[in-house]
Amino acid sequence: MATVFAQITGAIVAALATAPAVSAQIHRSRVRPLSAEWTTAVVVTPQSAELDRLAIRGAPINLESQIEVVCFARAAPGQSPDVAVDALLSAVYARLVADPTLGGLALDLAPTRISYEFDAEAEQVASVTLALTVQHQAAALTLE
Amino acid sequence: MFVEDLSVFTNPAEFGQVATATTKFGEVITLPVIFDNAYESALGGFAESSGPSALAQSALVQDLAHGSQIEISARTWAIVEIQPDGTGMTRLVLEKAA
Chain C
1 MATVFAQITG AIVAALATAP AVSAQIHRSR VRPLSAEWTT AVVVTPQSAE LDRLAIRGAP
61 INLESQIEVV CFARAAPGQS PDVAVDALLS AVYARLVADP TLGGLALDLA PTRISYEFDA
121 EAEQVASVTL ALTVQHQAAA LTLE
Chain Y
1 MFVEDLSVFT NPAEFGQVAT ATTKFGEVIT LPVIFDNAYE SALGGFAESS GPSALAQSAL
61 VQDLAHGSQI EISARTWAIV EIQPDGTGMT RLVLEKAA
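Quick note, the sequences are listed as chains C and Y, same order.
The first sequence: position 131 = 131 (our numbering), numbered continuously.
The second sequence: position 46 = 46 (our numbering), numbered continuously.
The shape of chain C in the complex, shown without the other chains (with noise of 0.2 Å):
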């Protein structure tokens, strides 16, 4: 069985990816440059996790996990970059705190931080980057 590390981006990815979809392209821990023919794109990425270290052994330990959700937006001629993103930012972040229990697999799903980055080439793009805090438990012998 999958750790809660990827149960939970797992959910993250499906409950993006629940119809309307945010975005036709949501991808998961993608390392591969986005394709230029994708004018938006949400990428899900585990980051971290705390373990609580006053757990009693053998009890199911609480985490705090971070997960990283990027949303990317190509610009249209004459658009500004941070608004050709601000739609998916505003979609992902309303999915994402529609149900911060990721359908009962997390006590609390907080967004703790948003951060923008810009470039040019051949036309103007912009990410965000949407900071999650998880919280949530597994079990102690197998983070299942």
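Just so you know, the hints here were simulated from the structure itself, not pulled from any lab data.
Please note that a few of the clues may not be correct.
Claimed, not checked - Incomplete in silico selection of chain C near chain Y, CB under 10 Å:
(1) A36
(2) V43
(3) F72
(4) G78
(5) D119
Unchecked claim - Simulated pairs of lysine to aspartate or glutamate, EDC-like, Cα-Cα distance not exceeding 20 Å:
(6) K96(Y) <-> D119(C)
(7) K96(Y) <-> E50(C)
(8) K96(Y) <-> D36(Y)
(9) K96(Y) <-> D99(C)
(10) K96(Y) <-> E81(Y)
Note that the structure is a prediction, hence the values are computed from the model and not measured.
Beta carbons: idealized from backbone N, C-alpha and C, even for Gly.
For this one, chain C is given, so just place chain Y on it according to the hints.
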């Protein structure tokens, strides 16, 4: 004084091609350029893109400005940077235009 013929660098009969541009005065001009649009990654490798640019004689692009449109091979680009190299040639950095 020796004046170098820079037109050989953008000769459409060799590596150059003819572009059509609209100047800041609204005049439509044609000029030979060397067009380049090689792969470039954006956002530090996060996304694929390309780096379109056109190399032209500086004397032929002095009436072009940021936002001027230039058509090369049936595609319209907007000029977003003008980079004279000090030797009589200028690189026009381009971005997709409507």
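Exercise. Against chain Y, run the beta carbon of D119(C) and see if the smallest gap drops under 10 Å.
Key: Holds - the Cβ of D119(C) comes within 10 Å of chain Y, reaching about 4 Å at its closest.
Practice problem: Report holds or violated for the interface hint on V43(C), using the least CB-CB distance to chain Y and a cut-off of 10 Å. | Solution: Since chain Y brings a Cβ to about 8 Å from V43(C), closer than 10 Å, the hint holds.
Quiz item: Quick one, is the A36(C) hint okay against chain Y at 10 Å, beta carbons?
Solution: 4 Å, holds
Quiz item: Close enough to count: is the Cβ of F72(C) nearer than 10 Å to one in chain Y?
Solution: Holds. Min distance 6 Å.
Exercise. Take the C-alpha atoms of K96(Y) and D119(C), compute the straight-line distance between them, and say whether it is at most 20 Å.
Key: 14 Å, holds
Quiz item: Hey, K96(Y) versus D36(Y), does the alpha-carbon distance stay inside 20 Å?
Solution: 13 Å, holds
Exercise. Grab the minimum C-beta distance from G78(C) to chain Y and call the hint holds if it beats 10 Å, violated otherwise.
Key: 7 Å, holds
Quiz item: K96(Y) and E81(Y): Cα distance at most 20 Å?
Solution: 13 Å, holds
Exercise. Please work out if K96(Y) and E50(C) have their alpha carbons no farther apart than 20 Å.
Key: 45 Å, violated
Exercise. Verify the proposed pairing of K96(Y) with D99(C), using a straight-line Cα cut of 20 Å.
Key: Given that 20 Å is the threshold and the Cα spacing comes to 39 Å, the pair is violated.
Against the hints set out earlier in the document, violations occur for numbers 7, 9.
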